[in-house]
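Chemist: Spelled out from the first residue to the last, the chains are:
There are 2 protein chains.
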Amino acid sequence: MAKIIVEIMPKPEILDPQGKAVAGVLQRLGHERITGVRIGKRFEVEVDGEVDDALLASIAEVAADVFSNPVIEDVVSVRAEEA
Amino acid sequence: MAKIIVEIMPKPEILDPQGKAVAGVLQRLGHERITGVRIGKRFEVEVDGEVDDALLASIAEVAADVFSNPVIEDVVSVRAEEA
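Chain order of the listed sequences is A and B. Heads up: the first sequence begins at 1098 in this note's numbering, then just goes up one per residue. Heads up: the second sequence begins at 1098 in this note's numbering, then just goes up one per residue.
No lab work stands behind these hints: they were computed from the structure. Don't take each hint at face value.
Below, simulated BS3-like cross-link-like pairs (lysine-lysine); rule was C-alpha separation at most 30 Å, straight line [as the list claims (entries may be wrong)]: (1) A:Lys1100 with A:Lys1138; (2) A:Lys1100 with B:Lys1108; (3) B:Lys1138 with A:Lys1108.
With the rest of the complex left out, here is chain A (with noise of 0.2 Å):
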């Protein structure tokens, strides 16, 4: 058993307001370095045998059309995790 790590974000131009309110309360708590928070989402993909390029392919697809909505997400990576 492998698995596939696939991440998503909101598009950069989307407003994010949970993460501009997570901002803020750290500001709030005095980490001054923090500019900014954006949350997205991080899938597992636990597969049978072994992960290959085709594999990769098809988990991708999943990604774009499944796990994220194109108009408002990004698929920021679609990769294999270390074992």
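Given chain A's structure and the hints, the job is docking chain B onto it.
Modeler: Okay, now just chain B, sitting in the frame of chain A:
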């Protein structure tokens, strides 16, 4: 301006109904090699200046205290994003 990536996942022993539902849909769509899906969060923290160990340590603390619920979630990684 630099970025620190924080990845958070539900603890392995915690049921992930959303992930289970997504895995079921993918298997019905013909992705037989997919045996499971778990869904977590990915934070991009924008910071002023360079990333050093002290800053990574303070962001790891923020990840444990603010970004995650330690009862049901694990902080999987805290890393500087490659430029």
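Chemist: Please work out if Lys1100 of chain A and Lys1138 of chain A have their alpha carbons no farther apart than 30 Å.
Modeler: holds, 16 Å
Chemist: Below or equal to 30 Å on CA atoms is what counts here, so check Lys1100 of chain A against Lys1108 of chain B.
Modeler: holds, 16 Å
Chemist: Is Lys1138 of chain B within 30 Å of Lys1108 of chain A, Cα to Cα?
Modeler: holds, 16 Å
Figure legend: structure checked against the earlier numbered hints; every hint is met.
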